[in-house]
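Asks: Protein chains in written order, with the numbering used here: chain A, 1 to 346; chain B, 1 to 346; chain C, 1 to 346; chain D, 1 to 346.
Simulated from the structure, these hints should not be mistaken for laboratory data. Since the structure is predicted, the reported quantities are computational estimates derived from the model, not experimental observations. Any given hint might turn out to be false.
A pair holds if it fits inside one copy or across any two, identical chains being indistinguishable in the list.
[Claimed, not checked] SDA-like cross-link-like pairs, simulated, lysine to any residue; straight-line CA separation at most 20 Å:
id: 1; residue 1: K230; residue 2: G138
id: 2; residue 1: K230; residue 2: E102
id: 3; residue 1: K230; residue 2: W296
Protein chains: 4
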Amino acid sequence: VRAVVLTGDRTVEVEQVDDPVLPGPRGAVVEVERTAICGSDLHLYHGGMGTGVHLGHEFVDRVLEVGSEVLRFGAGDRILVSGVIGCGRCQTCRSGVPGNCEANRTAVFGSSASLPGGQAEAVAVPEVDEFALAIPEGLSVESAVLLTDILPTGYLGAQRARIAPGATVVLFGLGPVGVMALQSAQLFGPARILAVDREPSRLARGAELGAEVIDASGGDAVAQVLEATKGRGAASVIEAVGADQTVSDAIACAAPGGTVSVVGVNLNPAFPYPMGLALLRSLTLSATLAAIPATWPTLVPLLDSGRLTPDAVFTHRLWLSEAPHAYQIFDARQDGVLKVLLDPKG
Amino acid sequence: VRAVVLTGDRTVEVEQVDDPVLPGPRGAVVEVERTAICGSDLHLYHGGMGTGVHLGHEFVDRVLEVGSEVLRFGAGDRILVSGVIGCGRCQTCRSGVPGNCEANRTAVFGSSASLPGGQAEAVAVPEVDEFALAIPEGLSVESAVLLTDILPTGYLGAQRARIAPGATVVLFGLGPVGVMALQSAQLFGPARILAVDREPSRLARGAELGAEVIDASGGDAVAQVLEATKGRGAASVIEAVGADQTVSDAIACAAPGGTVSVVGVNLNPAFPYPMGLALLRSLTLSATLAAIPATWPTLVPLLDSGRLTPDAVFTHRLWLSEAPHAYQIFDARQDGVLKVLLDPKG
Amino acid sequence: VRAVVLTGDRTVEVEQVDDPVLPGPRGAVVEVERTAICGSDLHLYHGGMGTGVHLGHEFVDRVLEVGSEVLRFGAGDRILVSGVIGCGRCQTCRSGVPGNCEANRTAVFGSSASLPGGQAEAVAVPEVDEFALAIPEGLSVESAVLLTDILPTGYLGAQRARIAPGATVVLFGLGPVGVMALQSAQLFGPARILAVDREPSRLARGAELGAEVIDASGGDAVAQVLEATKGRGAASVIEAVGADQTVSDAIACAAPGGTVSVVGVNLNPAFPYPMGLALLRSLTLSATLAAIPATWPTLVPLLDSGRLTPDAVFTHRLWLSEAPHAYQIFDARQDGVLKVLLDPKG
Amino acid sequence: VRAVVLTGDRTVEVEQVDDPVLPGPRGAVVEVERTAICGSDLHLYHGGMGTGVHLGHEFVDRVLEVGSEVLRFGAGDRILVSGVIGCGRCQTCRSGVPGNCEANRTAVFGSSASLPGGQAEAVAVPEVDEFALAIPEGLSVESAVLLTDILPTGYLGAQRARIAPGATVVLFGLGPVGVMALQSAQLFGPARILAVDREPSRLARGAELGAEVIDASGGDAVAQVLEATKGRGAASVIEAVGADQTVSDAIACAAPGGTVSVVGVNLNPAFPYPMGLALLRSLTLSATLAAIPATWPTLVPLLDSGRLTPDAVFTHRLWLSEAPHAYQIFDARQDGVLKVLLDPKG
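The following block holds chain A by itself, in its conformation from the complex (with noise of 0.2 Å):
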C-alpha cells in the first residue's frame, strides 16, 4: 500500500510499504476512507526524531480484517479510530483515555516505526474494540476525522478550562485546535470569548465563531487582554499555540482564582513558571493529552444535532499523493490554509 512517509527534515514522500498485518487476536486491518495533517505532525516534520515514519494519526476507515478476539466490529464496518491508543485493558483505557495508560503503552499513530500511521491507504490498528467508533449514519466524513483527534483535544482543553456560566474566557491561538477549543468553549455558557492571534484571517474566523478577537501581531495581547476585562483577567484562559511565550501571556491573563488550560504542544521541560504570580493569584495549570475516547459519548450527539459544526476548519482537500505539497502549505500557513483532508484513492 502506500504510505506518506517522513523521509528526511521538512520531506515527507508517498512510497510503496509493506501491507499491513493483523496486530493480533484484539486487532484489526483498515482500509484508510480520509485522513488529516495534525499540527503535531509539523513537529516530526520539522525534523530531528528520526526519518522513516509513516506519518498520521487522524484517519477514518473501512474494515478489512479483525482478529480473533474482535467483538465489536466486522469486516466492512466503517470507523473512526483513536489517534492515540493504550494497552486496551488497563481500566483507564477501558473508561476511554488512553493517554494515562496504567501499563505505560500510551502510543501515538504515526509518531514511531511500532506504530505504524494513517496518512496510507490502509493501516493496522491495535486493541480496535477500545479505540474505534463506528461512525453514526448522518456523520460527515470531515467530522468523523476530527472525532480522532482535534475535536477532543480542543473539547477537553475547554473543558479543563473550568468555564462557569457567565465567565470570561481567553483563548491562545486560532489554529484548528483552537477553532476546536472555541466552538467547545461556547458549550460551557461563557458571557465572552476573547480570542487572541496574529492572523487577520484566523482573527476573522474567529469573530464569525463569535469571539472577540484580539490582533497579538503588535506584541500587547496581555495589555489587550487586561484592559477589556477591567484588569482583571479571565477566570478561564485555553492556550492552543504551545510556545512558550504564550503560555506566559496565557498565565499572565489569569483572573485570581483562574484556571490556565494547555492544549498546545509545549515540551519545554523547564518552563519558567511563575510560582510567585501563581500563590498570590490561586492559579491551576492543566495540561491535557486527548483522552480521545472518552469525549466520543458527549461529543457524537452535539455533532448528530448540529450544535457543533467544526466541518468548515478544513480548507483544502487533497489527494494523498499530494501529502508532499499539504505538508509545504501547511507548515508554512500558505493560500489560507487551516486544515487539510487528504483522500487516499488518489
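Got chain A sorted already, so can you dock chains B, C and D onto it with the hints?
Replies: Below, chains B, C and D alone, put in the same frame as chain A:
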C-alpha cells in the same frame, strides 16, 4: 401611593395605600420604575389565601431613602430587588440564598401583609444591602425586572437539572419561567432540548429559541418524548408548569440515572411519587425556590454580552392603573400574553 | 448441584437442581465459595412473587469454565460477581452501571427464573468480563462478598447524599446496608453523623462506628434530629430502611438545600411526597440502584488499606444446608443477627 | 502597647509601639489574647524585605472598640481574624476569599508597615465584619488561632488536590501546614496518604496521624513513592514545603491525570516546570493563597465535633516577651518545635 391590592377572588384593584416607611436601619424606601406580574401571583389571585395583600415581587426602582446602616446604596441609585428575601444576616442569606434563610425568615414580596409588594408606586425594602443590586449600565429595564425572579428561577431550574454537554434535555412548559429555563439550559451545552407545551404560540416561540417542540395537546407527551429519544428518555428534565400531571410526565421522561428539576410551583403535600420507578432508574428529583441574588454574578455578564436575551418574553406593556385588566388577560392567557410589564407612572 | 430454592411464602429449601451451563460465549460457570443473604431476599421470601426461584445475588466463587469470548478470566480464577448485571455491551454497562443498562436488560441474580441465584454450589454468570472482579490478594472473603452488593449500595447512598466536609448527616437504619452507608459516609468528612434505629444492638454498633445515635422506638426520631441540629436538620440524609415512614421522616429531617438519598428498597408507586415542602426548602431526593462494578476501583483500595473494615457486619456463618434456618432468624431478627454468610461446602 | 518588631536580619524585639487606632468606620481595635508564629513569618525574619514591620498574622482577641458601621461585633466579643484581608466590599471578599480581592487590596497582617501584625498586645482590624468570626463556645483558643491561617491553608491544599475516595495521596512536608494538610486530607476519604519529610520527630507524628511515612533524608523520596505505588504515583499530591526541590519532587510523584496542590510558599518567578511531562501525563498544578474566611463554615463544625483535632501542633507556649527566643528556636527547628503560641499577657 397607589398599589395593586388583592380585593377578592380573581379581583385586584389599584388603591391608594399608606406611604411605605423605612423598615429599620438596614432597609430602604424605593420608588418603583417598572414591575411585572408573575405566574405565582395568580396563585393568590385565584383566591383562598385571604385578601388585602399588596401584590408583586418583581420590581426595579430608584432609591428614595436608606437606613443608617445601609452601606452599599444611597438615594437616587437605580436598583433591582430580589423577589425573595430573608433575615439578611445569616451566612445563607449573605451567600445570596434567602430561600434557605437559617433564621427561617424567608419571605416573598407581595405574598402577605407583612411584606407589601412592588406592584405599587413605592415600596419598603428590608436588608437592602444583601438583596438588591445596582442596575448595571446598559442593562434594559426589562432584563432588570427579569433578574428579580423568573430569570434566576429558570436558570436554577436548568442548573439543578445537571445538564452535561451533549445531553438531551426535556422541558415541560413554555410559559415565562419555561422560556427562561430554555434559554438557560442552552448555557450548559446540551445536544437537544425537547420542549413540551400545548399552546401553538408558545410552541412556536420554543422552536424559535432552538428547541425541538412537542405538542402535548393530544395527551401523549411522554410517548412523544420516548419516541424522540429511542425509548431512553432524557438525562435532564425540567418541569416549569407545576401541575401534578406535568410533574408525573417529567418523571416518566427521565432516563436511568437522570434528574428531574421542578421549578413549576407545585404545593401538593402528598404528590404521588413513583418510588419504585425512581429506585430502578436511580432518579434524582430536585425542587428549587429561587436563590435569586446568588445567580446575579452569573446572569448579569450573560445579559451584558448579549448571550442571554430574555426581554422578548414581555408581550404586554401597560400602566399600573391597568393592573385589573392585566391580571385578567394573564390569567385567561388571552391576547397571546406571555408576560406583562407595568409602569407605575400611569 | 444444591441450591436455595424459594418453595413457598416464608419457606426456602435446599434442593438438588440442574447443573448450570455456560450462558453463551461471554459467560462463565463458577463454583460458589461463599454467599450471603440480603435484606432484599426477604422481599421474595415474604411471598407474592411466585415460587421456584433459586435465590441469592451476593456470592464469590472460583471459575470452573469460561466461554470462548471471555478475555479477562479463566478456569481457577477467584472472582466476585456484581449482584446486578445488564447486557454487558452498552456504554452504561461497560462503565459499570448495569442498573441503567441501555438495552433494558438490567437483572438481579436470584430474583427470577431467568437468572438463577448464587446461594448454590455453582451458578452461571453471563457477561463475566464486565461484571466480575478478580479477588485482590489479601482481601477477605467477607469483604469480597460485601463488594457484590451492599457495600457498593451503602457507598452510593452516601455519595449521592452529597456530603460536604463539615456537614451534618442523618442516617435512617442501622441494618446491614445502613452500616455500610455509615462507614461510607465517614469517607466524605462530615462533622457529625446522626444514626437512627430502634434496636439497642444496632444503636450500640452505630455508636461504636462513630455515630451519634438516636433511638426511634418512641416514634419521635424527627423531633430528636431537629433538636440535635437546632431545628435546622441535616444537609445530607440517607435512608437505608425503605419503609414509607422512614422515607417521610428522612425528608422531614433535611435542611433547606439538602439532599435525601434513599437506598432502602421502597417500591411504592405513589409515595406521598411533600412537594410544597420540597419546593420551599429546595430539596433533592435521590434513589439509587447499585452501580456495583463502578464502585470497585474506589472501594477495593479502601478495603486494602484498612480504611474500610466492614467485615464485622457478619454476625452468623452457617452452611448452605442451614439456609432455611438462616432465613428464619434473619427475617425475625433473632439471635442478634445482622448479616448471614453461607458456605456451600456444607 | 508592646509588639514584636522586626529590627534586623534574624532579629526581632518586643518594643513599645503606638496604640492602634480605629481603621475607619468598618474596623475595630482588638486586644490580642493569643498569637502564633507562622512559617511565613520566617521569610521576613530571614531579612531582605526591610525592617520595622510589626509581625504576626495569626491572632485571636477580644474587641475593644468598633467603628460606626460595624454590624456584627461589639466591644467585649471574642473573635478570631483572618490573617489575610482585602477590600471587604467586592463580591470576592464578601464570599470569604480576600486573597482574590477584586480591588487588588489583598493584604497580610504583619507583612508591611501598612497593616501592623498581631504579635502584639493590641492591633487594628479593618473591615472586621467580613474578616472576623465570633469564637464559638467550646472552641479551644489554640484551634481558634489555627483557624486564622494554617488550618484553612492546609485544608485548601487538601481540597485543591482533588482527593477522591479511595485515592492515594502524597504529602510533602510535615511541618505545621503539612500536619494541617494531613488531617484535612483524611476528610476526603483517601485509601492511603504517603507523607514525606526528613525529620524523625515529624515523621513519627505523621505516622501517628495515619500516614505511611517516607524518610526523604536519603534524597530518594520520589523513588520511594513510586515503589510504594507500583510505579504509578499518586492521583493527588500536596506540597507543603515551598522549596523548588520538593515542588519538583511533588510533580514527579503525580500519576497520569493527577493534581499537584502547592501550599508551601514558593515565590520563584521562573520555577522550571516540566511542561512536556505535564502534557504527557495530563497534570494539573494548583497554588493556593488561603481563602481563609470561606473555610470557616466547614472547619468550625469539624473542630466542634472533634473530627479535627489540630491543637497538638503547638509544641511551645511562651510569653510575648519571649518572642526573640521563640523565633530563634522556630527558625532553627530546635527543641522539637513545631508551632509556637505566644501569650501577650507576659
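Asks: For K230 vs G138, is the C-alpha pair at or below 20 Å within one copy, between two copies, both, or neither?
Replies: between (45 Å within a copy, 16 Å between copies)
Asks: Is it within, between, both, or neither for K230 and E102, if the alpha carbons may be no more than 20 Å apart?
Replies: between (45 Å within a copy, 10 Å between copies)
Asks: Can you give me the call for K230 and W296, within, between, both or neither, at a CA distance of at most 20 Å?
Replies: Between copies only: 19 Å across chains, 38 Å inside a chain, cut-off 20 Å.
Against the hints set out earlier in the document, no violation occurs for any number.
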